[in-house]
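Asks: Listed below, chain by chain, are the residues.
There are 2 protein chains.
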Amino acid sequence: MAEARPCSIADALAIVGEKYSLLVLREVFFGVRRFEAMVRNIGAPRDILAARLRRLVEAGVLEKVAYSRRPLRHEYRPTAAGLELQGVLHLLRQWGDRHLTGTPPVVFDHACGAPLEAVVTCASCGRPVEPGSQTAHFQVEGWGMGGRRPADETAEAQSSPSQAVLG
Amino acid sequence: MAEARPCSIADALAIVGEKYSLLVLREVFFGVRRFEAMVRNIGAPRDILAARLRRLVEAGVLEKVAYSRRPLRHEYRPTAAGLELQGVLHLLRQWGDRHLTGTPPVVFDHACGAPLEAVVTCASCGRPVEPGSQTAHFQVEGWGMGGRRPADETAEAQSSPSQAVLG
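Sequence lines, in order, name chains Y and F. Just so you know, the working numbering puts 166 at position 96 of the first sequence, and the rest follows in order with no gaps. Just so you know, the working numbering puts 200 at position 130 of the second sequence, and the rest follows in order with no gaps.
What you were told as hints is all true, and nothing was included just to trick you.
Chain F stretches covered by chain Y per the calculated footprint, using a threshold of three residues with CB under 8 Å from any CB of chain Y:
| id | region |
| --- | --- |
| 1 | 155–162 |
| 2 | 169–181 |
Which chain F residues face chain Y? A few, computed with CB under 10 Å, are given here:
| id | residue |
| --- | --- |
| 3 | 75 |
| 4 | 90 |
| 5 | 100 |
| 6 | 108 |
| 7 | 129 |
| 8 | 165 |
| 9 | 166 |
| 10 | 186 |
| 11 | 187 |
| 12 | 194 |
| 13 | 196 |
| 14 | 203 |
| 15 | 214 |
| 16 | 234 |
It should be emphasised that the hints constitute simulated quantities derived from the structure, not laboratory data. Virtual Cβ for every residue (Gly too), placed ideally from N, Cα, C.
Could you build the full structure based on these sequences and the hints that come with them?
Replies: Now the structure itself:
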């Protein structure tokens, strides 16, 4: 297999993109931090969930903390890096609410008192980040918008600009 | 396996949470819309990528459009529902940039001219959605913050409020 596009999304998904990983984070954010309750609420096989938890702890997304010494019992708490992923879950939840689910199973209020509708905005101007409002600058030599350069057989790859507006 | 928590995140991940699915969206947003180029840029097995594309088309995230009739050739374009997922990719990219990747492989400018830092804000008050600023209201009878009620063996499940602030 040839080398894939260098990409922080792919790197992030290698940590949190496995099946059940983001659902583990959902439970942790809901305050469910013990293995048995996670198994029950997520509906995942125990061995797979245990592997996901190990991976998330190794990657610094969760912290495994003993809450009892005799018998020894652990719970999982989100790290600061883990908490940063709350936004991803809000966006996926809203997308599911809009396009897939009948009645939203969970709704949120924001601290301001309004029903929470999470929007992705630009930290600088405060306006929404919408299709057509973003220009990508590709930093890795040889990898442009269309993929690897110098190009091979496709017209797409032949014109692989290192800068372009996202559609 | 017992019934899992009713959840729009889980529903969304059933569509876009399989390995490679979000990388397909990344390529489509970069303007890479043909199968061969996606295989090359994602580094995914052809049969798996073909299955992911079918699923994304069935779910209404991508549209499969013929761009040539003789020979018959197709490309994949994002639907409006697909474009809504750009924010998820920005957040994952930034998280990877911050925590995993050395030099960001791609950086973005926003239309306002500033380097793009995407933040999740409340549509009503415009302030960031941060840990501790969100109250969840659980809508499905029997499923609260801690999981299913009436509770079983764990203390967590025994107190499963239908409303709580997200940590």
